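Peer 1: Residue numbers (numbering that gives the first Met the number 0), protein chains in the order written: chain A, 0 to 209; chain B, 0 to 209.
One or more of the hints may lead you astray.
As the list claims (entries may be wrong) - Derived DEER-like restraints, expressed as beta-carbon distance ranges:
| no. | chain 1 | residue 1 | chain 2 | residue 2 | range |
| --- | --- | --- | --- | --- | --- |
| 1 | B | Asp-62 | A | Lys-79 | 47 to 53 Å |
| 2 | A | Phe-31 | B | Pro-3 | 18 to 24 Å |
| 3 | B | Phe-31 | A | Gln-1 | 15 to 21 Å |
| 4 | B | Gly-88 | A | Ile-113 | 22 to 28 Å |
| 5 | B | Glu-138 | A | Ile-25 | 34 to 40 Å |
| 6 | A | Asp-156 | B | Phe-51 | 37 to 43 Å |
| 7 | B | Arg-98 | A | Ile-113 | 17 to 23 Å |
| 8 | A | Ser-49 | B | Asp-62 | 39 to 45 Å |
| 9 | B | Gln-23 | A | Ser-29 | 46 to 52 Å |
| 10 | B | Pro-3 | A | Ser-49 | 15 to 21 Å |
| 11 | B | Lys-139 | A | Asp-156 | 39 to 45 Å |
| 12 | A | Ile-2 | B | Gly-124 | 43 to 49 Å |
| 13 | A | Ala-5 | B | Ser-29 | 21 to 27 Å |
| 14 | A | Ile-25 | B | Arg-98 | 27 to 33 Å |
Derived from the structure by calculation, the hints contain no laboratory data. Note that the coordinates shown come from a computational prediction; the quantities given were computed from them, not determined experimentally. Using N, Cα and C, we set each Cβ at its ideal position, and we do this for glycine too.
Number of protein chains: 2
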Amino acid sequence: MQIPFATIERLAIYVRCLRHLKEQGIKKISSFEMAQHTRTTPEQVRKDLSYFGKFGKTGEGYDVENLLKKLEKILRTKRKWNVAIIGAGSLGTALSKYRGFKEVGYDVKAMFDIDPEKINKKINGIPVYHIEKFSEITEKEDIEIAIVAVPVEAVSDVEEVIVKSKIKGILNFVPVTLNLKTRRRIVVLDVDLTQKLYIISYLIKNKWEE
Amino acid sequence: MQIPFATIERLAIYVRCLRHLKEQGIKKISSFEMAQHTRTTPEQVRKDLSYFGKFGKTGEGYDVENLLKKLEKILRTKRKWNVAIIGAGSLGTALSKYRGFKEVGYDVKAMFDIDPEKINKKINGIPVYHIEKFSEITEKEDIEIAIVAVPVEAVSDVEEVIVKSKIKGILNFVPVTLNLKTRRRIVVLDVDLTQKLYIISYLIKNKWEE
């Protein structure tokens, strides 16, 4: 069965919400409350969860811990993922310090750059390698996901390096669409920060100015 | 008419795609090609655009420049927005250097922190103020959007400051849901980087491991 992409996106938000509720000691949650916390509708919550089986009993709500466990399993089967960051500039450095990644099982094992001043040093405890060592290091360290945070001008060089490696998934922060020859085998997700500001502008306009 | 949130999200992606096509000198694009570039379906492209009027003629495709102009207008009516960044740590600093923002009309006018070593200095040419000056400076500089990039521990203090200000929209990078008392009047969009990695893991698993 083909699960809609938007459902997968929301599952990740449900996980975050449930983890927060669990920390607060909350045991049960209704689809109505869940929708409020995650800015969707109770119908959507029920529909999203229905793809994966039957959760909770009508009128009783969901068991927070149990639902969290199941969704975490659906999203990543509790396994750990090793991650590389390509680009040791300010964004790459900020991402290497992002505590959230490690907390949920994503371990940044290596960073890559071309600046001789950065190579063979450590940033936030993470070794920085020359990009020409990308295939070698990612294989050795069993890295499957790469975060791309390089300047636009460097994208085509980075594409070449990625295509030759065994990387399976890419989180792309560069505001261009990556042109990977073996793209159908590599999962690419774009993080376009500008897009988020567009959406806020639209929502502000439609809330405040009409 | 209520436009679905997912449509607004895709419009922002269409804008990015069209801008890229325009740069390459491409004049026409079909909904089929547009869907390929933006990872959706031709039906979805047509449906999304249909909310805003009639674009293009059947069999002729869309005029890239014209469609871009209209979508940009829908999303932000070509106006400029002044932005503040709360938190002058590594993420806030990386975001202040993000060139994409200014290129599309978002101008970071001020940063806020509590670290005496940072206050009254400039980061990337942007003045850093003490957070207690938030209302004063954002009003003076006509700032309507705030980007929140502080540690989790600082969130409740920041919420208080925002609620007292005239800020209309927030882009939140902290992995907790903001609890704004006047939330219904403030547009909040969460950027959860962990969520993106979850989605990649899910897609990798379902492409590679099943």
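Peer 1: Looking back at the hints listed earlier, which ones does the structure fail to meet?
Peer 2: Number 14 - this is the single hint that the structure violates.
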